Amino acid sequence: MNKTALQKIQDFIQDFGWPRLIIALFVVVLFLIAPFVGVRLDASLQDVIARFGQNGVMVLALVPMMQAGAGLNFGLPVGIIAGLLGSTLSMEFGFTGWLGFGMAIVLSLPFSLLFGWLYGVLLNKVKGEEMTIAMYVGFSLVTFMAILWIILPYHNPAMVWGYAGKGLRTTITLDGYWARILNNFLALRITPSFTLPTGTILFFILLAFGMWLFMRSKTGTALTAVGSNPDFARAGGVSIDRMRLISVIVSTIYGAIGILVYQQSYGFIQVYNAPLFMAFPAVAAILLGGASLHKASIMNVVVGTFLFQGILTMTPSVINSLMQTDMSEVLRILISNGMIIYALTRKTRVTK
Amino acid sequence: MAETSPLLEFKGITKDFYGTPVLQNVSFAVRKGEICALVGENGAGKTTLMSILFGMPVITETGGYTGTIYLNGRAVQFSSPMEAIEAGIGMVHQEFSLIPGFTAYENIMLNREPLRPSVAVELFGDRLATLDRPTMKKHAQRAIERLGVTIDVDMPVADMPIAHKQFTEIAREIDRERVQILVLDEPTAVLTENEAAILLEALQRLAEQGIAIIFISHRLHEVTQIAHTIVVLRDGKVVQNVPNKDVSVRDIASWMVGREVKTSHREHQKRSELETAPEILQISHLWVDMPGETVRDVSFSVRKGEIFGIGGLAGQGKLGIPNGIMGLYPAGGTVLFQGKELNFSDPRSALTAGIAFVSEDRRGVGLLLDESLDWNIAFTAMQVRGAYLKKYLGGLLSFRDEKAMQEIAQHYIQQLGIKCTSYRQPAKELSGGNQQKVCLSKAFALEPELLFVSEPSRGIDVGAKSLVLDTLLRYNREKGTTIVMVSSELEELRSICDRIALVYEGKIAGILEPDAPLEEFGLLMSGGNQ
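Those protein sequences? They're chains A and B, same order as listed.
Sequential numbering of the first sequence, starting at 1, is according to our numbering.
Sequential numbering of the second sequence, starting at 1001, is according to our numbering.
One thing to keep in mind: the hints can contain errors.
[What the hints assert, rightly or not] Listed next, the in silico BS3-like pairs over lysine-lysine satisfying Cα-Cα at most 30 Å (straight line):
1) B/Lys1340 - A/Lys218
2) A/Lys218 - B/Lys1479
3) A/Lys218 - B/Lys1419
4) B/Lys1403 - A/Lys218
5) B/Lys1340 - A/Lys295
6) B/Lys1507 - A/Lys295
7) A/Lys218 - B/Lys1465
8) A/Lys295 - B/Lys1419
9) B/Lys1390 - A/Lys295
10) B/Lys1390 - B/Lys1165
11) B/Lys1032 - B/Lys1137
12) B/Lys1428 - A/Lys218
[To be verified] Simulated restraints on C-beta separations:
13) A/Ser140 - B/Asp1159: 52 to 60 Å
14) B/Gly1125 - A/Thr345: 32 to 40 Å
15) A/Ala43 - B/Gly1386: 38 to 46 Å
Calculated directly from the structure, the hints in this document are not laboratory data.
The model shown is predicted, which means the values in this text are computed figures rather than measured ones.
Cβ atoms here follow ideal geometry from the backbone N, Cα and C, with glycine treated the same way.
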């Protein structure tokens, strides 16, 4: 009897995975310590939830490519660039408020489609090496765009360098445009320092539902089979390349919308080198949520984002008050890169 | 020729893999200077026997064997191929184990290079010795001359024609000191007839020099041409061990396949209605580039409602036929299905026309190992026929109908008796026989007009085998589905097929009725009629 209980615990740990367990416990411990070192619990919770909404969609963007067997989308910056083009264009045209946010999404779409398609065609040519190539595609595109941000004829005074009158600033404030528009939508003030960003969460749920529906469609099913066993899918009349291409395009579109959600919550558009490393926290989050290289679910996204953002928000406040040093950045890098390494070494676990 | 005591003797060798006997009480002897031909169908136990001789790790890992091998009258048991080689046994593999970028002489002398002493050797040991290339070349040249062929020893192996690679490999084996026995596993399989003839001559020359040769081949006319004794293995037993005197290819063929049909309890009935049935599938001049199963030029047609068998030995191209038609490998020629031409470049073409395929590569192509049974069964039908989908907004959006998928999975689990915990179990957890039933269910769910079944009983036990065959037969009789069954097991083809085509070297060697005499099958399978 005892043994079966022990067995069950072991099975659970095996299933849940040690890293996840350790980090979950760590987050719980941080929350428990928080009140004793003078950190307000409700403020911490507010931070965690706000950052969850802020980053969630970008993590969601990784799901289709993982399911299709195209690996972790280290090329998420491709989508992010599309999103940046969408939001800067929307600002340039002077759209504000809901219209501005909506137009940012609409204007980003053609770019996501085009970039996603080109990026997908490239990834189909390098099967087996997607992740390495994807990372460099992301790096190159971000760097290339850094040139374009200077050259492109943006004129809106809120966006361009004041002294030159041209070239985008490194950070562009969204105040007066659509800063925190989702966060403030139906926002619930629960305690003085805990306001639930209802709109952002709702928007995440909406997009997660969209992804869930997509994965249940005929195409989504075919895509999952391609990731699970490409030969099986091909023998079933499914074009592997086409499914992978679709997964990359969907991922890129979600990446673009993801950065738009991030911007409105953060209040700023960041151009130039900012998108360079944005893929890593997202990848770390979904892996932390329990996804393997070929299987990712919406649940993995929710759990992972929550845990990862929990660590990120709680460590600066709690650990810093405890130790009087800034550990948060070190921990963030340690966890995100550690998680990625952990997942990559588990690659062989996929049954063949 | 050989009155001396045997050089190598197998006595009572018995071996089973997980309870399935593969060798039973195998005994025979090879004398000095004798060419002993070892023949048998695929799975007769030839490879296992040679693995035992060489002390391959796979044998000890699976529980070892019983019986004794005597070398020069002494009982031996090698625990690794290295020991066998040191004892004077050489092996030439079906696949070349040569280094392409090295020249012939470098390959022949590999790991046995004569070394040249130098100061560095005195100081740091043999690792820093240089190679004595002139001696190497001389050695290699001598080994090649023993074979009676001419090969440029300076030529890199990558640039050589296949026959020369084969000779290089043999030269390497015979150049070892004290090589007494040479084992050749289908050495002529990759050669043209001329090249094969040269090789056979070389083997005879080696035998005259006193080397004993065990020659494994499917080409029976070669066997009758050069062997001194012929040992026929069938189902792990030695069924014939005769000197090669007045033995015809036809005799060997019937010994090879002439088993008592045990598992087949079915009486074959001739179905006269088939003779007037329209031709549903017409194949002409089909070629398929499937590695190891190349189809060169195949033409035949299948009538509606019949069970058409395709047999032949491994590697002759029978598996290439369905794989090519289904668009899984590059193919050409014309295939008309119900009068319409199929497009081989797109696997969808055959599927939408109403052809389903149960692949021989169950785990690689047939199943989504990590997914549940309902996914496995319903997937292809969903993608091809749009079944098990719920439609919304007038068909604009459609989503998986999980309930319908589960129902169809339940239906087949019951009908075919698939042993599983539930439809949610991942396919990888099922046994081979049950996995095969899942593959059949997947094909049935497509409701095909014609069903290709490739090696339906490979790797499954006897009970499951009979169930699978019964299922196919019932499906054919009840639904009138035409079935084309490809199998390397002749007895299985004979038990349910209406006609059987035999494939040899990528071509149809002939089409027989299932009750034709066994030796006819044997002849066609081994190219003996040519």
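A quick look at each hint next to the structure:
Of the pairs offered as hints, the one joining B/Lys1340 and A/Lys218 holds, with about 28 Å between alpha carbons and a cut-off of 30 Å not exceeded. With a C-alpha separation of about 28 Å, the suggested pairing of A/Lys218 with B/Lys1479 holds against the 30 Å cut-off. At roughly 28 Å between alpha-carbon atoms, A/Lys218 and B/Lys1419 fall within 30 Å of each other, so this suggested pair holds. For the hint pairing B/Lys1403 with A/Lys218, the CA-to-CA distance comes to about 15 Å; that is within 30 Å, so the pair holds.
Note on B/Lys1340 and A/Lys295: the hinted pairing is violated, with a Cα-Cα distance of about 40 Å set against a maximum of 30 Å. With a C-alpha separation of about 44 Å, the suggested pair B/Lys1507 and A/Lys295 falls outside the 30 Å cut-off, and the hint is violated. Between A/Lys218 and B/Lys1465 the alpha-carbon distance is near 34 Å, which puts this suggested pair outside the 30 Å criterion. Between A/Lys295 and B/Lys1419 the alpha-carbon distance is near 26 Å, which keeps this suggested pair within the 30 Å criterion.
For the given pair, B/Lys1390 sits about 24 Å from A/Lys295 by alpha-carbon distance, which is consistent with the 30 Å threshold. The straight-line distance between the Cα atoms of B/Lys1390 and B/Lys1165 is roughly 59 Å, outside the 30 Å bound, and the hint therefore fails. Proposed proximity of B/Lys1032 and B/Lys1137 is supported: the alpha carbons are some 29 Å apart, at most 30 Å. Annotation: proposed proximity of B/Lys1428 to A/Lys218 holds, straight-line Cα distance about 23 Å (limit 30 Å).
Judged by the Cβ atoms, the range 52 to 60 Å given for A/Ser140 and B/Asp1159 is violated: they are separated by roughly 40 Å. At roughly 38 Å, the beta carbons of B/Gly1125 and A/Thr345 sit within the given window of 32 to 40 Å. Between A/Ala43 and B/Gly1386 the beta carbon distance is about 53 Å. The supplied range of 38 to 46 Å is therefore violated.
Hints 5, 6, 7, 10, 13, 15 from the earlier list are contradicted by this structure; the remaining hints agree with it.
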